[in-house]
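**Student:** Since the structure of chain A is provided, determine the placement of chain B on it from the hints.
Residue numbers (this note's numbering), protein chains in the order written: chain A, 1 to 107; chain B, 1 to 297.
Just so you know, the hints here were simulated from the structure itself, not pulled from any lab data. Everything numeric in this text was worked out from a predicted model, so none of it was measured. Each residue gets a CB set at the ideal place from its N, CA and C atoms; glycine is no exception. Do not take every clue at face value.
Calculated from the model, a selection of chain B residues having no Cβ within reach of chain A, i.e. all distances over 10 Å [as the list claims (entries may be wrong)]: (1) 29; (2) 181; (3) 294.
Derived list of chain B stretches under chain A, where covered just means 3 residues or more per stretch with a C-beta under 8 Å from a C-beta of chain A [to be verified]: (4) 223 to 235; (5) 256 to 264.
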Amino acid sequence: MKGPAGPARSPIGDRELETSSVRLVFLGAIELFQKRISPIEGPRCGFSPSCSAFGHQSVREYGPVRGVMMTADRLMRDSIFLEPGPEYTLLPNGILFDPPSRNLLNE
Amino acid sequence: MMIRLLARLLLLVAIFPALPAPLPAAEKEIVITEEVQLTLADAFMAEGEYYRAITEYKKFLFLFPDSEKADYALFRVGLAYYRGDEYENAAHTFATVRETYGRSRYAADSGYFEGLSLWKLGRFDRAETAFDGVVATDPASEVAPLALLGKSIVSYDQKNIPGCRDELERFLASYPKDRRADNVRETIALLDNNRELPRKSPVLAGVMSAFVPGSGYMYAGRTGDGIMALIVNGLFIAGTVAAIHQENYAVAGIVGGIGLPFYVGNIYGSANAATKWNIGVRKELRGKIAVTLDYRF
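Extracted from the complex, chain A is given alone in its bound form (with noise of 0.2 Å):
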């Protein structure tokens, strides 16, 4: 809506704080692939959010196994094969977007 949005969030003080060693380990991983590793050749996904920040998402929100699993899926899908469809809303920029609450098994 146009006009003054509600009060300003800051984006860490929202996250709690976490404490699950396995879902540290993976998240650190992924965070190290994306501050080191992938600005090496750049944005080459074709989803949105991108297969690390779907991970990423998918392993702080839904738990280590799942979000793997879930991460595992998505790299698979994230092929030559790749092609818009009704499972994907295709964005402007003319990338799939694919969020981790489209592939939680719910109909």
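**Tutor:** Positioned in the frame of chain A, the structure of chain B alone reads:
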């Protein structure tokens, strides 16, 4: 020469009092009447400045609480929230209009928009109750037939196709001469042709991929993903088996350890692909229903 100059000076002095005296600084009075305040609020609303429109409508309600147009102003507050995608506030405001101004001409509209807001919030049961309320309290209102159509699609969204059909039948029984009656008949025929929607079993897809990686994707119509899953998992499995044959158990452990998430992910993804296929089928029919009913909101 001198005389002429004196004569001109005299003339100037003579006409000086006749010149209009300079006015004191003009003081414009701004009188805020009900009309002015509502016009301003409506102007903001028309421009899509919903936040400002809400402020002005609320100002109207503050300045003229006993106005005959208070129901209109409060209804427009709800409408501005609705158009601004603030459905929680919209539902609350429309409910207030209904409760405070039960006999107002905006009561039925408020009930209908309350139903729409609750629908957008995913509160299907409450949306149905709101739509039912409109039909029960003011069946002759313009929005009552729309409320029945809305309720039918809410039923469909709850995967209740017979319920959706029942509401459409109720529409035909209550409003047989409505201009949408033919569309409703067409929609009922569409639902009758799709009583049992085709389905892909997520469980079957997962089991298939557990035996032959990628086959579950193919079953769910994602052939490309299936081929990719088959290649990836085939390579990891072949690498692990080869390492075991060479008694290189460390390599087998590493390759198998990396491949395992992809194998499990292939099972999960196949079930997910079947789920998405089912969602796609239902969405497609929902789109057809909305188009056939010519129902927009």
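**Student:** Test the statement that residue 294 of chain B is away from the interface with chain A: the closest C-beta pair must be farther apart than 10 Å.
**Tutor:** holds, 23 Å
**Student:** For the stretch 223 to 235 of chain B, do at least 3 residues have a Cβ located nearer than 8 Å to some Cβ of chain A?
**Tutor:** It holds, with 7 qualifying residues against the three required.
**Student:** Looking at residue 181 of chain B again, its CB stays over 10 Å from all of chain A?
**Tutor:** Correct as stated: the minimum Cβ-Cβ distance to chain A is 31 Å, above 10 Å.
**Student:** Hey, does residue 29 of chain B actually stay past 10 Å from chain A on C-beta?
**Tutor:** holds, 29 Å
**Student:** Are three or more residues of the stretch 256 to 264 of chain B within 8 Å, CB to CB, of chain A?
**Tutor:** Answer holds; 3 residues pass the 8 Å Cβ test.
No hint from the list above goes unmet by this structure.
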